[in-house]
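What follows is each chain in one-letter form.
Number of protein chains: 2
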Amino acid sequence: MQSEYVLGLDLGGTNIKARLVDLHGTILAASDLPTQVEHGPDHVISQLNSAARDTCGVGGVLMEDVIGVGVAAPGPLDMTHGVIEKSVNLPGWIDIPLVERLETSLERPVTLLNDANAACYGEHWVGAGKGVDDLAMFTLGTGVGGGIVSGGRLLFGHFGQGAELGHIIVVQDGRLCGCGQRGCLEAYASESHIKQRGRELGVFAEAGNSSVPALLAAAKSGSEPAQRIWEACCTAVGAACVTLQHVLNPRLILLGGGVAAAGATVLEPVRTAYASLTWKMARDVPTIELAALGNSAGAIGAAGWFLHQRGTA
Amino acid sequence: MQSEYVLGLDLGGTNIKARLVDLHGTILAASDLPTQVEHGPDHVISQLNSAARDTCGVGGVLMEDVIGVGVAAPGPLDMTHGVIEKSVNLPGWIDIPLVERLETSLERPVTLLNDANAACYGEHWVGAGKGVDDLAMFTLGTGVGGGIVSGGRLLFGHFGQGAELGHIIVVQDGRLCGCGQRGCLEAYASESHIKQRGRELGVFAEAGNSSVPALLAAAKSGSEPAQRIWEACCTAVGAACVTLQHVLNPRLILLGGGVAAAGATVLEPVRTAYASLTWKMARDVPTIELAALGNSAGAIGAAGWFLHQRGTA
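Taken in order, these protein sequences are the chains called A and B. The working numbering applies: residue 1 is where the first sequence begins, and numbers increase by one. The working numbering applies: residue 1 is where the second sequence begins, and numbers increase by one.
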């Protein structure tokens, strides 16, 4: 009998999230381990192995009964050869053949996918985008990533770096982004830029607590700089939604990642900004919604992608 | 023996362009007729019929020997049902079942495609994008349209209005576009906006000659307002190329339409603007080129699309 288990591993700069799921994407077992990037690639790969084996243990499943393993990792990466070429979030990783390494140690087949694409694929497979063949997702985290499903397929583009939605230019000659461009969405709507801007404008009462929730609390208490920063974030996301509407014409745009944990506090002003910025010429209006799978989206999507590549999902 | 002839008709606001092509997209006969939109849909459909029959006559081919007819028309349109829903360029056209009308009068099968998508498909089929499976095209004409080929397929999106690339927002709170949005690419890079801006800034010596070539001549003679307008146009196109790079990750971006007739005068500054605005993080740099099929692109692409839909191209 065909096994019904597949493992998803989401390799983040801080944590590894491992999820054992069934063929319907339901989580059967989960474990998180620290990535400990500072100890280098060999150590991180050993952590990935431990996370995989721990999760099987929690689920009471033998590794040999797992169909395979999907890995989500920060890019740029070479999906075809399963290699992480280089990553801002994984310092010292240059051309690491991650798929080969994990296939050797886990003795299971492994696939590799960009983490934001994986989150989008997870939402498309079993989350807020289930059944929607044209959707885009923003992952508003430390940075801003994205994923696109177009005509039912993940969009990668010629170079495989498609859906880097954080680097849509929303403000001409705007704020400098970590990527070197000016006016990127990421320079307004990422956790790191929101926090940096909050520090620049003296929003945070306690120096040690410069978080997005702290900024939102300050905005709620009437801090005008905090309100301006949040409005700039939501306006930037709304403008990027307009641009995606006209380029991709999706039915659905999802907001995920840490910033989207603010729920209605981010969703409503983004919808308002979008509605005020977009045309009224055609009824091609995407729905804007929050993502549903939380921080399991990447691991679930990686598992789903493994099944998709094997022709099972 | 299977016929080797297919007709492409490009229904523009001013002219109808008809091209008889072979299965390789080579033009065998051509004719242009005035659209005469002011006489209403029935007259225009009769002009389309005349253009089709004239072109067959020029090519010495009987209409019954033509496999079928592809029509390119301004949107929004309903491709599936072959209906033009409404168009800025075709006043008075509301829900006209163009495909049915032409199939009845020409007694050939007919397909319908958005005109900018048709131009992009034509370039992909036999023009500057031949063999390129991930490309985007800007049609810089009276308005700015666009087309996208992603993974070898035209991108339509959920509502069928995809690749409206003229309405990518390039300037926050920028110039008002005819569509009601602010800061659209079209508000900087369309012929109508370039001319309007030129008139506003007093660029044109002769009131009757407010054309793009006249503005370029003024810029060349040292007119600073004319130079600023042109720079704003090319910078806007360059910024839109950056955004498309990160969303679609194409190998190639083509510039077509009347503004692109300026050749190197538009291509070089767009390339320079793109290079100065984009990131240097990854080597996912699209080539920016001029389109190759000139004002036959839409008709050729419509013919190619007919063959594609019939599984022949």
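It is possible that part of the hints are untrue.
In this list, chains with the same sequence are indistinguishable; a pair is considered to hold if it fits within one copy or across any two.
Stated by the list, open to error - Keeping only pairs whose Cα atoms sit at most 27 Å apart, straight-line, the calculated DSS-like set for lysine-lysine is:
(1) K130 with K195
(2) K86 with K280
(3) K195 with K280
(4) K130 with K220
(5) K220 with K195
(6) K195 with K86
(7) K130 with K86
(8) K220 with K86
(9) K280 with K220
The set of hints was computed from the structure by calculation and includes no laboratory data. These numbers come from a predicted model, not from an experiment.
We went through each hint and held it up to the structure:
1. K130 with K195: neither (33 Å within a copy, 47 Å between copies)
2. K86 with K280: between (43 Å within a copy, 14 Å between copies)
3. K195 with K280: between (35 Å within a copy, 25 Å between copies)
4. K130 with K220: neither (34 Å within a copy, 55 Å between copies)
5. K220 with K195: within (16 Å within a copy, 47 Å between copies)
6. K195 with K86: within (26 Å within a copy, 47 Å between copies)
7. K130 with K86: neither (32 Å within a copy, 32 Å between copies)
8. K220 with K86: Neither way: K220 and K86 sit 40 Å apart in one copy and 45 Å across, limit 27 Å.
9. K280 with K220: neither (32 Å within a copy, 39 Å between copies)
The structure fails to meet hints 1, 4, 7, 8, 9 from the earlier list, while all remaining hints are met.
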